[in-house]
Amino acid sequence: MQWFLDASTTGHKFALMVFAILLFAAVMGLILFAVDRPKRVPNWVVAAGFVGPTLLLLGVGLVYPAVETVRGSFYNRDGSEFVGLDNYATVFSEDNFQRVLLNTFLWVVLVPLLTTGLGLVYAYLVDRTRFEKLAKALVFLPLAISMVGASVIWKFVYEYRPDQPGVRQIGLLNQLLVLIGVEPQQFLLNWPSNTFYLIVVMIWIQAGFAMTVLSAAIKAIPDDVVEAARLDGVGGVQMFRYVTVPSIRPALVVVLTTVAITTLKVFDVVRTMTGGQFGTSVVANEFYTQAFRQFNFGLGAALAVLLFVLVIPIIAYNVRQLRLAEEIR
Amino acid sequence: MTTTTPVMAPVPPDERRLTRSERRAVAAKNKLSSPAASIIALVIAVLWTVPTLGLLITSFRPELDIRRSGWWSFFTDPQFTLDNYNEVLYGGGTNFAALFVNSLVITLPAVVIPISLALLAAYAFAWIKFPGRNILFVAVFALQVVPIQVTLIPLLSLYVDTGLAGSFWTIWLSHSIFALPLAIFLLHNFMKEIPASLVEAARMDGAGHVKIFFQVLLPLLTPAIAAFSVFQFLWVWNDLLVALTFAGGAPDVVPLTVRVAELAGTRGSDWFLLAAGAFVSMVLPLIVFLSLQRYFVRGLLAGSVKG
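From first to last, the protein sequence lines are chains A and B.
Going by UniProt numbering, the first sequence opens with residue 1, and the numbers climb by one from there.
Going by UniProt numbering, the second sequence opens with residue 1, and the numbers climb by one from there.
Fair warning: there could be bad hints in the mix.
In silico SDA-like pairs for lysine to any residue, Cα to Cα no more than 20 Å straight-line [said to hold, decoys possible]: (1) Lys219(A) with Lys192(B); (2) Lys192(B) with Val46(A); (3) Lys129(B) with Asp65(B); (4) Lys13(A) with Leu108(B).
Hints listed in this document are in silico derivations from the structure and should not be mistaken for laboratory results.
Isolated chain B, as found in the complex (with noise of 0.2 Å):
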C-alpha cells in the first residue's frame, strides 16, 4: 500500500494533461486527413518554394544553359557551375564583393545607434519623473505614422547643404532616425514590465539613473534587444528606398539591393547575373533568420499584436 500512494498520486493530473493534449493533436491530424485540406496546404507550401528554388538553381548552371531551357531541365541534364557567382562577385561590371561590404559597413552602425539611442530614451520615458513626460511619449508614439516618403526630399536637401551627400553618414543617420519611434515604443513596453520594486530596491542603495540603467535594466533586457536587433538588421540590410535615395549616385556606398534592382532593370535578361547576384545579397539575411529566428518571430509579434 505504502509503494501505491506516491505513484496513484501524480496519475490523475498527468493523464489529463495527456489526453488534452492528444485530443488536440488528434483534432489536427483529422484536420489534414481531410484529403482537401492537405491538398490546399501543400498547395500553398509548394507556391511558396518552387520560386526560389528555380532561380536557387538557375544561379548554378551555366550561363547558355540558362538560356536555351528552363531551370527544371536540371533534373534531367545537371550541368553545375560556380562561374555565375565568380562573375558577379569579381567581374569588372558588377563587383559584388565591394557592394557586400557596403551593404556590411551601412548596417552595423545603422543597428547599433538606434537600438542604443531608443534604450536611453525608453528608460527615460519608463522610470525617469520628468515635466512634460507622457505628452512627449505619445508625440514619439505617433510619429511612427509618418512615411518616411515624406522626409526624403527635405533630407536630401539638408544633406547637400552640410556637404554630407553621397557618404555613409547619410544612411547611418537616416535608418536611425526612423527607427527610433518603433523601437522606443516597443523597448519602452519590455521596460514597463520590468517589476518596479527592482528599480526601487537599486535606488534605495544610492545607484543613480545611469548606473540603475547599465547595471540593472540592461541585463533584463537583452531578449528584447535581441529581437529589435535582428528586426531591424534585416530592415537595413534590404532596405532599397532610403539607399536609392541617399546613395544612389555614389558607387562607393550603394549597398546590394540597389544594385541588384537596377540590373534587373537594365540587364534584365541576363539571368545567369541576376540569379546569382540575387542569392548573394540573400544569403546574409537567410543566415541571420535562420540562425535566430526564434527572436526574430518575437520581435514580430511584440510589434504587431501589442500595438
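Bound conformation, chain A alone (with noise of 0.2 Å):
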C-alpha cells in the first residue's frame, strides 16, 4: 500500500504516474465495455457510464466542499462551537481586514480597467502593421509563466539597495531613479503605495490575454464598416473611438469580467512578492494565511465565502451582456 503513496526516487515517482494512467484507463475502459455490452441497454444506463464517473468527483470535490465550507464559516477557529455571523463580523470591521478589503477593491477596480485598455490600444496600435505577429507574442509571454516566475522577475525590478557610497543598486526601477537624481526607494515597504505596485505586476501578466482577445475582435469587424467611416473622412483616433471601440464592445466586456475574476482570486503575486505582509494583504491571500497558516478554519472559510460571494456580481453582469448582445443580433 505505501508504495502507491510515498514515492522518493524519480525512477519510483514515474512509475507511479504510469500506474495512475493506467488505472483511470482501466476503470473508464470497464465502465464504458459494461454499458456498451448488452444489445438495447436504455439510453440513461449508457449516459451514466459517460458522465458517472464526472458526476461523482464533481460532487465529492465540488458540491460538498463548497457546502462544507459555507457552513464551516458559521463556526469557531476548529469547528467545534457555532458563533453565527461572528467571522463575518470579524473580516467587515477590524482595521486589518477592512485594509484587506480596500485592497481587495483597489485590484479589482483598477486591473481589469488598465488590462483592457493597455491591450486593446496595443492590439489596435500592432494590428496588421509588419511587426504585428512578434510585437503580440512580446506582450503574450507573461501569460504563458507562473505567476510566481512572473512575481520573481518583478521582486528584481523594485529590488533595493541602501543607499551608501560604493553601494550600487542592482535593481532597474532604483537604478533609473538614481540616475534622474531620486533617492532610491523601498518599493514594497509602505502602504498604500506597495499595493500599486503589485498591481502592476498583475497587469503585466494579464495585458497579453486583453490583447488577444481584443485583437481578434478587432479583425472581425467587417472591412466595409471601416471602409465607410474612412470614405467619411473618419480616421486616427476618432476611428478607435467611433468605430472601433462600440464594433467589439461585446468582446470588451467580456474581457474585462475575466480579468476581474481571475484578479478577484488573486493570490500566487501576493504571496511571492510580500507573503501579504506590509498591508499588502488581498482576501484570497488573506484566506490562506487563515486557514493554513493561522489554522483558523472558521475565518478562512468566512473569507472563502465572501470570494464566492463577490464573483456572482461580476458573472450575472457578464451573461446579462451577453443576452443584451444576443437580443442585438
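Could you use the hints to bring the two separately framed chains together as a complex?
Now the structure itself:
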C-alpha cells in the first residue's frame, strides 16, 4: 500500500504516474465496456457510464466541499462551536481586515480597467503592421509563465540597496531613480503605494490575454464598416473612438469581467512578492493565511465564501451583457 | 482575342481583393507612422520585455557580480557562468532537478485524466438523450463560478481522513476536479458543431455510443483536445495554490512553483539562486507555449469569447 502513496526516487515517481494513468484508463474502459455490452440497453444507463464518474468527482470534490465551507464559516476556528456571523463581523470590522478589503477593491477596479485599456490600445496599434506577430508574442509571453515566475521577475525590478556610497543599485527601477537624481525607494514596504506596485505586476501578466481576445475582435470588424467610415473622412483617434471600440463592445465586456474574476482570486503574486506583509494582503491571500497558516478554519471559510459572493455579481453582469448582445443580433 | 478572355476574367475580383487589403495595410501604416502611436507601441513592447530579459541575464552572471552591480553591466563587462544553474539544480539546499520531476509527474495525469473525463461527459450531454440532461448540464456549467478556495479546507480534511494527504494523488484528483466544468463546457461547444447527420449515419450503421465516440467524434475533435491540453498543461504546471495547500509539507511531491515562491520569501536576496530557479521553472511552459501557440490562442478565444 505504501508503494502507492510515498514515492521518493525519480523512477518510482514516474512508475506511480504511469500506474495512475493506466488505472484511470482501465476503470473507464471497464465502465464503457459494461454499458456497451448488452444490446438495447436503455439510454440512461449508457449516459450514466459516460457522465457518472464526472458527476461523482464534481459532487465529492466541488459541491460537498463548497457546502461544507459555507457551514464552516459559521463556526469557530476549529469548528467545535457555532458562532453565527462572528467571522463575517470580524472581516468587516477589524482594521487589518478592512485594509484587506480595501486592497482587494483597488485590485478589482484597477487591474481590469488598465489591463483592458492597455491591451486594446496595443492590439489596435499593432494590428496589420509588419511587426504584428512579434509585437504580440512579446506581450503575450508573461501569460505562459507562472505568476510565481512573473513575481520573481518584478521583485528583481523593485530590488532595493541601501543608499550609501559604494553601494550600487541592482534593481532596474531604483537604478533609473538614481540616474535622474532621486533617492532609491523601498517599493514594497509602504502601504498604500506597495499595493499599486503589486497591481502593476498583475497588469503585466494579464495584458496579453486582453490583447489576444481584443485583437481577434478587431480583426472581425467587417471591412465595409471601416471602409465606409474612412470614406466619411473618419481617421486616427476618431476611428478608434467611434468605430473600433463600439464594434467590439461584447469582447470588451468579456475581457473586463474575466480579468476581474481572475484578479479577485489573485493569490500567487501577493504570496510570492510580500507574503501579504506590509499591508498588501488581499482576500484570496488572507484566506490562505488564516486557513493554512493561522489554522483559523472558521475565518478562512468566511473569507472563501466572501470571495464566492463577490464573483457572483460580475458573472451576472457578464451573462446579462451576453444576452443583450444576442438580442441585438 | 481568345487569349485575352481568360486573362481578363480573373483580373477584376483579384484586383478588388488586392486593393481592399492594401488599403487596410496602408491605413495600418499610417497609424504607426504617426510618431506618437509608434512610440506608445514601442514603450509597451519594451516594458513587457526588459524585466524578463534582466532576470535572464542575471541568471548567467557570477554570484559576486550579481551582488555588486546591476544586470545592465553585463553589456560593458560580460561575465558568463552556468554555476547558478548547477547550484540550483543539484545543490543540496535547492535540488530543483528533483522538483522538475515532481512538476512533470504532477502535470501529465492532471492533463490526461480531466480531458478524458470531460470528453466522455461532453459527448453524453451533446449526443445521448437521457432524462435530466439539460438540468445536469446547466448545473455543471454553473459550477465554473465556484472559486477553488471554497473547496480547499474540506478537501484537505477529506484527504487526511482517507490517508491520501501528502501524496501525488491529492494533487492529481484536485486538478482533475477543478478542470472539469470548464473542460466539459468547451468540449461540448465543439461537439455541438459536428453535423448531426454524421452521428446519425453512424447510428444507422448499427454503431453504439461507445463506437461513435471513439471512431467518429474523437478524430474530429483533435484540434479542440490539443487546445485544451495546452491550456490545462500551463495551468497545472504554473499552479501555486493547489500545490501549496496539498503538498506544501511533502518534499517528495512539491512542484517547482512552490519552492520558487518559498525561496523568494526566505532567501529573497540570493538572486543567483532565484534568477536561475525561476528560469528552470519557466523553461518548459515557454517551450510548450512557443511551439503550440496556435492551439493555446484558439483555446483562449474559445474559452472567453464564446462565453
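Hint check results:
no., hint, in the structure
1, Lys219(A) with Lys192(B), "25 Å, violated"
2, Lys192(B) with Val46(A), "19 Å, holds"
3, Lys129(B) with Asp65(B), "68 Å, violated"
4, Lys13(A) with Leu108(B), "12 Å, holds"
Checked against the numbered hints given earlier, the structure breaks hints 1, 3 and satisfies all the rest.
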